[in-house]
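Construct the entire structure; sequences and hints are all you get.
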Amino acid sequence: MKSTIKTLALAASVAAAPFVTATTASADGHGDLTYVLVSHAPDSDTWWNTIKNGIALAGEQVGVNVEYRNPPTGDIADMARIIEQATASAPDGIITTLADYDVLQGPISAAVDQGIDVIIMNTGTPEQAREVGALMYVGQPEYDAGFAAGQRAAGEGVTKFLCVNHAIQQPTVGERCRGYADGLGIELGDAMMDSGTDPAEIKNKVLAYLSANPDVDGILTLGPVSADPTIAALQENGMAGDIHFGTFDLGEEIVNGIKDGTIIWGIDQQPFLQAYMPVVILANWDRYGVLPGNNINSGPGFVTADGLAKVEEFAGEFR
Amino acid sequence: MAVTDQKDERVKEISRFRQSLIRPELGGIVGNIAVFTFFLLFAFDSGMFAAQGVMNWGIVSAQFMIIAVGACLLMIAGEFDLSVGSMIGFAGMMIAVFGVVLAWPMWIAIIITFALCLAIGALNGYIVIRTGLPSFIVTLAFLFILRGFTIYIPQTLESKTIIGGIRDAAEGDWLAPIFGGKIGQPIFQWLGDAGIIGVFERGNRMGEPVVDGIPMMMVWAVILIVFGHILLTKTRFGNWIFAAGGDAESARNSGVPVNMVKVSMFMFTAFCATIFAICQVMEFGSAGADRGLLKEFEAIIAVVIGGALLTGGYGSVLGAALGALIFGVVQQGLFFAGVESSLFRVFLGLILLGAVILNTYIRRVITGER
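As they're listed, the protein sequences go chains D and Z.
If you read the first sequence in the numbering used here, its first letter stands for residue 105, the second for the next number, and so on.
If you read the second sequence in the numbering used here, its first letter stands for residue 109, the second for the next number, and so on.
Bear in mind the hints are in silico, worked out from the structure with no lab data behind them.
No residue lacks a Cβ here, since even glycine has one placed at the ideal position from N, Cα and C.
Since no wrong hints were added, every one of them can be taken at face value.
Ranges of calculated distance between the beta carbons of each label pair, as one might list FRET restraints:
hint, chain 1, residue 1, chain 2, residue 2, range
1, D, D302, Z, A230, 23 to 33 Å
2, D, D410, Z, F144, 55 to 65 Å
3, Z, R313, D, D294, 39 to 49 Å
4, Z, V454, D, D302, 20 to 30 Å
Listed next, the in silico DSBU-like pairs over lysine-lysine satisfying Cα-Cα at most 35 Å (straight line):
hint, chain 1, residue 1, chain 2, residue 2
5, Z, K268, D, K264
6, D, K264, D, K363
7, D, K156, Z, K268
8, Z, K290, Z, K342
9, D, K264, D, K414
10, D, K156, D, K414
Here's what the structure looks like:
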């Protein structure tokens, strides 16, 4: 029994250590304003690292406390509980995505009704943000971004495409494929592939699809999770640089792909702005009562081989 | 686990105090004391112990409890169900398909979903019994099969993976409030008016208390725990569950209907998952293909923290409930304490390890094994 108690005591002290450092870090000369950012992303989604860095930088520059929270598996119902939790801890503001309006509108409007200011970022629409009583929406309207990408791809000669969707359970991400198809002016049909999130699986599915459909001349991937394995697939079957390849979002591999010509363009929704702007806006709203009069579109921005330097320097960190 | 009062020279004498202390739930009780002490010290003024905060970790714990009760009884009966998480997603989606897409009355949708999910639970059990394959593998197959259908069906019918509008469809239904309703609103309204719990400051709910009732999710958790505990400790069927998980062959030889016990426990696990799913879709109003991911492991972790043995034949429903409480409090409490959320898994691992070490020690004392 004694050794067990010792083990538990040790576990408790180990467990307490990161907590202690966390509080001292946030109490370090910062103001008394606290903002919580709640995302829908599972732990495995590395794209959100930019968001974490964005709010951390904003918190540092503006002088407020910021916290990042997410459901570990990406379960939206768990996310609702996290928003309720954030509300119960009474921060000055909540920045959140609106990944599923039905699930999240209740918890978000409850937060708003308790006097907590809310900004919707990344996922959702300006209309939904207004419905739940949020101050504003900061993000990239998904369908419009997909549509713009489709129009551009049509101009660049794409006639039949494959859309690699690694987040099939998230309808907003699928909107990108639908927008792309409409922008191209062709039916989506079975061109949207449920690729899963495992890199080897994605690579093999893409290879299989391309050999089964040799007339496909365009590929759209929806983020680094699907883009990185697709790059590997195209290098393996020799279609790299030959087939028209556009992608959403940026990452180290995607930047390399743009540089060596495998990828024509990456659509940057500039996640940094989605994290940074809400913190700055909330802080100024709380301190001086000033608020921009409209929603902020953080994207889409097309990143091509020209002007890659900055992107390359900060890929995965702030870009 | 039955304790007889008659003296028997073959039974070693154990003092009453020791007997009351040494029980499968001890690990869960110690763990809860430790966890609550920790958060009372580090997160007391964060709102965690105000009405809204208590409701927050309370409901998360209740969620874990609902699936932990099913997983606990099944594990004591010697089997696993890895399809719990997928079953949650599947059951919720079936409610949406029947109630919203096909627009059937919600009570019919609920009853059919229950029937369907119990049938799948029975099929799980039947395959395990007939093939003699480990339930780990069979239910792993159903983890994929059910999740696949949960994505495929709404994709085919509605070309999206989240179906909303369940709340509107359930409006005025007689059965739906049993899963999505709340009880005790007048008491909470009174508490709000008396200033004991906070009220909304603005919007169209102004003046209403921020916590306006006990959600049915919590009521179901209590019902299932009480039912599971009585079933396991006070009935002949409970003894059969222990026997089936302890040594199926000798149980069979002494006349225990092992197959029936195991199949019914698979069905009970499916039942618990369906309750979870229906409470969830009724509260949130939409069913999504990503619901319930990894919940099977969370249920198993809660059960193991609560002192059950992975190999079957030993465990307690109260222990599983306490394990679920630890899980829920830690998960939400870390947010309240302002801990970097990526460390959640580290804490979970430490708690799991600590609990298992403690439980192993307690079990050795109880069973006398070395």
